[in-house]
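Chemist: Sequence:
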Amino acid sequence: MFQFERTSGEHLLAFLGNSAGREETRAIASWHGIIRAQALAPRESLDLIEKLLGEL
Numbered sequence: 001m002f003q004f005e006r007t008s009g010e011h012l013l014a015f016l017g018n019s020a021g022r023e024e025t026r027a028i029a030s031w032h033g034i035i036r037a038q039a040l041a042p043r044e045s046l047d048l049i050e051k052l053l054g055e056l
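Counting from 1, one number per residue, gives the positions in the sequence shown under this note's numbering.
There is no bait here: all hints are sound.
FRET-style restraints, in silico, Cβ to Cβ:
| no. | residue 1 | residue 2 | range |
| --- | --- | --- | --- |
| 1 | 56 | 9 | 36 to 46 angstroms |
| 2 | 28 | 8 | 16 to 26 angstroms |
| 3 | 46 | 13 | 23 to 33 angstroms |
| 4 | 48 | 23 | 34 to 44 angstroms |
It is worth saying that the hints were derived from the structure and are not from the lab. Remember, it's a predicted structure, so these values are computed and weren't measured experimentally. Glycine is no exception: its CB is placed at the ideal position from the N, C-alpha and C atoms.
Could you put together the complete structure from these sequences and hints?
Modeler: As structure tokens, this is what we get:
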């Protein structure tokens, strides 16, 4: 289990269970970076949600 939190300085922290080692931490950080790079900007997300709601 893991949890991401952002600091006031916009640094990302990952909290992992006791069994997490350095390699697992690196893998999770890499996975998060990939997902973040593919994400829409907040405004684009809102536009998409509004568009899909309008199609219901």
